[in-house]
Amino acid sequence: MRIYHSPQTRSTRVVWTLEEIGEPYDVTILTREERQADAHRKLHPLGRVPVLENGQGILLESSAQCLHLADVHPEAKLVWPIGSRERALVYQWLFFGMLELEIPIIDVMRYREEQPPLAEAATERFTACAALVERALDGHEYLVGDRFSVADIVTGGGVLGFARHMGLVDDFPRIGAYVDRLDARPARQRALAVGTS
1 MRIYHSPQTR STRVVWTLEE IGEPYDVTIL TREERQADAH RKLHPLGRVP VLENGQGILL
61 ESSAQCLHLA DVHPEAKLVW PIGSRERALV YQWLFFGMLE LEIPIIDVMR YREEQPPLAE
121 AATERFTACA ALVERALDGH EYLVGDRFSV ADIVTGGGVL GFARHMGLVD DFPRIGAYVD
181 RLDARPARQR ALAVGTS
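With the numbering used here, letter number 147 in the sequence shown gets 147, and the count goes up by one each step, no holes.
Among the hints, a few may not be true.
Listed next, the in silico DMTMM-like pairs over lysine to aspartate or glutamate satisfying Cα-Cα at most 20 Å (straight line) [unchecked claim]:
#1 Lys77 - Glu23
#2 Lys42 - Glu23
#3 Lys77 - Asp183
#4 Lys42 - Glu53
#5 Lys42 - Asp26
#6 Lys77 - Asp146
Simulated restraints on C-beta separations [said to hold, decoys possible]:
#7 Asp180 - Ala39: 36 to 44 Å
#8 Glu141 - Leu99: 19 to 27 Å
#9 Met1 - Asp138: 31 to 39 Å
#10 Ile58 - Leu99: 23 to 31 Å
#11 Asp38 - Arg135: 22 to 30 Å
#12 Pro116 - Pro186: 35 to 43 Å
#13 Gly167 - Gln115: 17 to 25 Å
#14 Gly145 - Asp26: 40 to 48 Å
Just so you know, the hints here were simulated from the structure itself, not pulled from any lab data.
For each residue, glycine too, the CB sits at the ideal point set by N, CA and C.
Whenever a hint applies, use it, and build me the whole structure from the sequences.
So, in structure tokens, the structure goes:
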């Protein structure tokens with residue numbers, strides 16, 4: 001198994017998932033320039049990371065990769081069986097994170113300097129969605145009850161962790177405590193260190 005990775009990108013989610021399940025893997029660290037090279041574009045025509053390569057071929061898109069790894073390693077208990085209520089909630093939080101949280105975060109970054117009214121509108125959209133997460137965490141350690149899952153890796157550590165870095169969740173104490181719990185996980189720390197030395 002090989003992951004093509006650049007630190008501080010969505011590929012960190014996949015490295016974190018690999019670290020949580022304890023799956024041995026090889027990593028190829030790529031700079032922004034290396035991602036645009038023809039050699040990498042043969043793997044990912046858009047020149048992006050992550051790319052997950054295993055015995056079955058190439059898989060693109062970090063959330064799909066994380067969910068696939070969780071499925072093929074049920075012993076790690078990062079996801080519930082297909083058809084269960086908990087599995088549906090994992091899907092809910094994965095899609096919610098990618099669509100309802102991440103898109104406004106990107107818009108805040110894009111417009112903050114040059115078009116503040118657009119950034120303000122994006123911040124309002126994000127805040128409304130973050131309030132839903134804050135309520136969901138009331139009395140719970142993780143997004144799907146009290147068991148850590150791939151939804152926490154993608155939406156919690158990936159999306160909400162970045163939102164906290166941007167100062168977007170300062171008014172949400174449960175989200176802040178939740179991101180702290182995620183950041184304290186040893187597998188998260190190992191994943192963040194991959195490719196930074």
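Right, here's what the structure says about each hint:
In summary, the hint linking Lys77 to Glu23 is supported, as the alpha carbons are separated by about 13 Å, within the 20 Å threshold. A threshold of 20 Å between alpha carbons decides the hint, and for Lys42 with Glu23 the separation of about 25 Å lies outside it, so the pair is violated. Restraint check for Lys77 and Asp183: satisfied, since their Cα atoms lie roughly 19 Å apart, inside the 20 Å limit. About 13 Å separates the Cα atoms of Lys42 and Glu53, which keeps this hinted pair within 20 Å; it holds.
For the hint linking Lys42 to Asp26, the alpha-carbon distance of about 19 Å falls within 20 Å, and the restraint holds. Distance restraint check for Lys77 and Asp146: the Cα-Cα separation of roughly 12 Å lies within the 20 Å cut-off, and the hinted pair is therefore satisfied. Between Asp180 and Ala39 the beta carbons are some 39 Å apart, a value that agrees with the proposed interval 36 to 44 Å. One distance hint, 19 to 27 Å for the beta-carbon pair Glu141 and Leu99, holds here, with the actual separation near 24 Å.
In this structure the hint that Met1 and Asp138 lie 31 to 39 Å apart at CB holds, the actual value being about 38 Å. Taking 23 to 31 Å as the suggested C-beta distance range, the pair Ile58 and Leu99 conforms, at roughly 24 Å. Separated by about 48 Å at the C-beta atoms, Asp38 and Arg135 break the suggested range of 22 to 30 Å. Distance hint for Pro116 and Pro186: a CB-CB separation of about 40 Å, consistent with the stated range 35 to 43 Å.
One distance hint, 17 to 25 Å for the beta-carbon pair Gly167 and Gln115, holds here, with the actual separation near 18 Å. Take Gly145 and Asp26: their Cβ atoms lie about 34 Å apart, and the range 40 to 48 Å is violated.
The structure fails hints 2, 11 and 14 (numbered hints given earlier, in ascending order).
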